[in-house]
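S.K.: Produce the complete structure using the sequences and hints provided.
Same order as they appear, the protein sequences are chains P and F.
Quick note on the working numbering: the first sequence kicks off at 1 and runs consecutively.
Quick note on the working numbering: the second sequence kicks off at 1001 and runs consecutively.
If you're looking for bench data, these hints aren't it; they were derived computationally from the structure.
Please note that a few of the clues may not be correct.
As the list claims (entries may be wrong) - If the Cβ cut is set under 10 Å, some of the chain F residues that face chain P in the computed set are:
| hint | residue |
| --- | --- |
| 1 | P1008 |
| 2 | I1044 |
| 3 | A1046 |
| 4 | S1047 |
| 5 | L1049 |
| 6 | L1051 |
| 7 | A1052 |
| 8 | R1054 |
| 9 | E1055 |
| 10 | Q1056 |
| 11 | S1059 |
| 12 | R1073 |
| 13 | F1076 |
| 14 | S1137 |
| 15 | T1207 |
Just so you know, these numbers come straight off a predicted model, no measurement behind them.
All residues carry an ideal CB built from backbone N, CA and C; glycine is no exception.
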Amino acid sequence: MAKKIIAFACENSGLKAIEAVTDPGVLGAVELVRLPCSGKIEIGLVLKCLEEGYPGVLILACPIDNCKFTRGNRRARNRVESARQILRAAGLPEERVHIDFVSSVDSHKVAEIVRSMQQRLAVRTASAVRTASAVGTTGPAGIETGKGAKA
Amino acid sequence: MITAVQKPFNEIHEMVRECRNLLILGCGTCVTVCMAGGEKEVGILASTLRLANREQKISMKIAEATIERQCDREFFDAVRDKVEAADAVLSMACGVGVQFAGEVFEGKRVFPALNTKFYGTNESVGVWSERCAGCGSCVLDKFGGVCPIARCSKSLLNGPCGGSQNGKCEVDQERIDCGWQLIYDRMKSLGLLHLLEHNEPLKDWSTGRDGGPGKIVREDMVL
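M.R.: And the structure:
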């Protein structure tokens, strides 16, 4: 079974918001990890999750200027930007890592964030499948490969 | 400490593209402190390489290790097996560590993952700046502890040039303080401005890079 989006949620905001979501489609799409503060997220951990096969990494932080630990959410934002820069530099799709800022009562907003991330990742997966199938029909040297190719 | 930054990813990937078994070797001293080549950065680079290889369908096994220092022979013993099992080592040490790893493991290719920058200080969180140029004959006593060699873009020893404006250097007025402004301010605060009236003679640069590769031999320590 395909892995879910992994969501690292601050226990003061994003976690409460996502726990209040009732849509089973949203809840079933996410594997949830509780963070004491979004500032605890690490670039290495984000990349490790992608390496382990999670299609996307979502970080749910408190609204800017509303972090219990003053600047944890800004730290998380900077680290997510660094992780996205690393992906860009390596020619990988940066939309696999996303941060959003929500309060504990924003369950409707969290549901929308998850749905739109699912859509973005689905578009990317579909385009990757199309590219792979195009590669599969004609090999690098113009030799027919895949189904229907002559032995 | 010696400071460094990671090379652009594409440059690293091109260097190691042909390897089938790669060891990424971090260094636990200076480059760990400046967050360029420690255990954490080894993990990040390893993950990035694995993801990029998967995307480009490159088959490469990547092992990770970090030793205390790559500029001392004794610390390499802990990773000897891993190095021997690898086609090549991607060292995340400074230029010293990269070269020394190659000397310790003769016949093993060692690639640099970092660009070594300067001897610097951790000025504030996430900010490092140069303080010493390793000239081999320290003059800090004469300039209130502010180095004109490292902190003046032209390494001037007898006052600022015409490119000093509002305390900034013409080389980069946003980023670089005028070294001579710093020297003046420091000497003034120490009540030692009169010492700057003394003319500094031509410096003997042969004690530094101009004298060729440096070497120190402590006869009392040599076995």
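S.K.: The structure should be examined with respect to each hint, and the outcome stated for every one.
M.R.: Do the hints match the structure? See the list:
no.: 1; hint: P1008; in the structure: 7 Å, holds
no.: 2; hint: I1044; in the structure: 5 Å, holds
no.: 3; hint: A1046; in the structure: 8 Å, holds
no.: 4; hint: S1047; in the structure: 4 Å, holds
no.: 5; hint: L1049; in the structure: 8 Å, holds
no.: 6; hint: L1051; in the structure: 6 Å, holds
no.: 7; hint: A1052; in the structure: 4 Å, holds
no.: 8; hint: R1054; in the structure: 8 Å, holds
no.: 9; hint: E1055; in the structure: 6 Å, holds
no.: 10; hint: Q1056; in the structure: 8 Å, holds
no.: 11; hint: S1059; in the structure: 15 Å, violated
no.: 12; hint: R1073; in the structure: 29 Å, violated
no.: 13; hint: F1076; in the structure: 24 Å, violated
no.: 14; hint: S1137; in the structure: 41 Å, violated
no.: 15; hint: T1207; in the structure: 40 Å, violated
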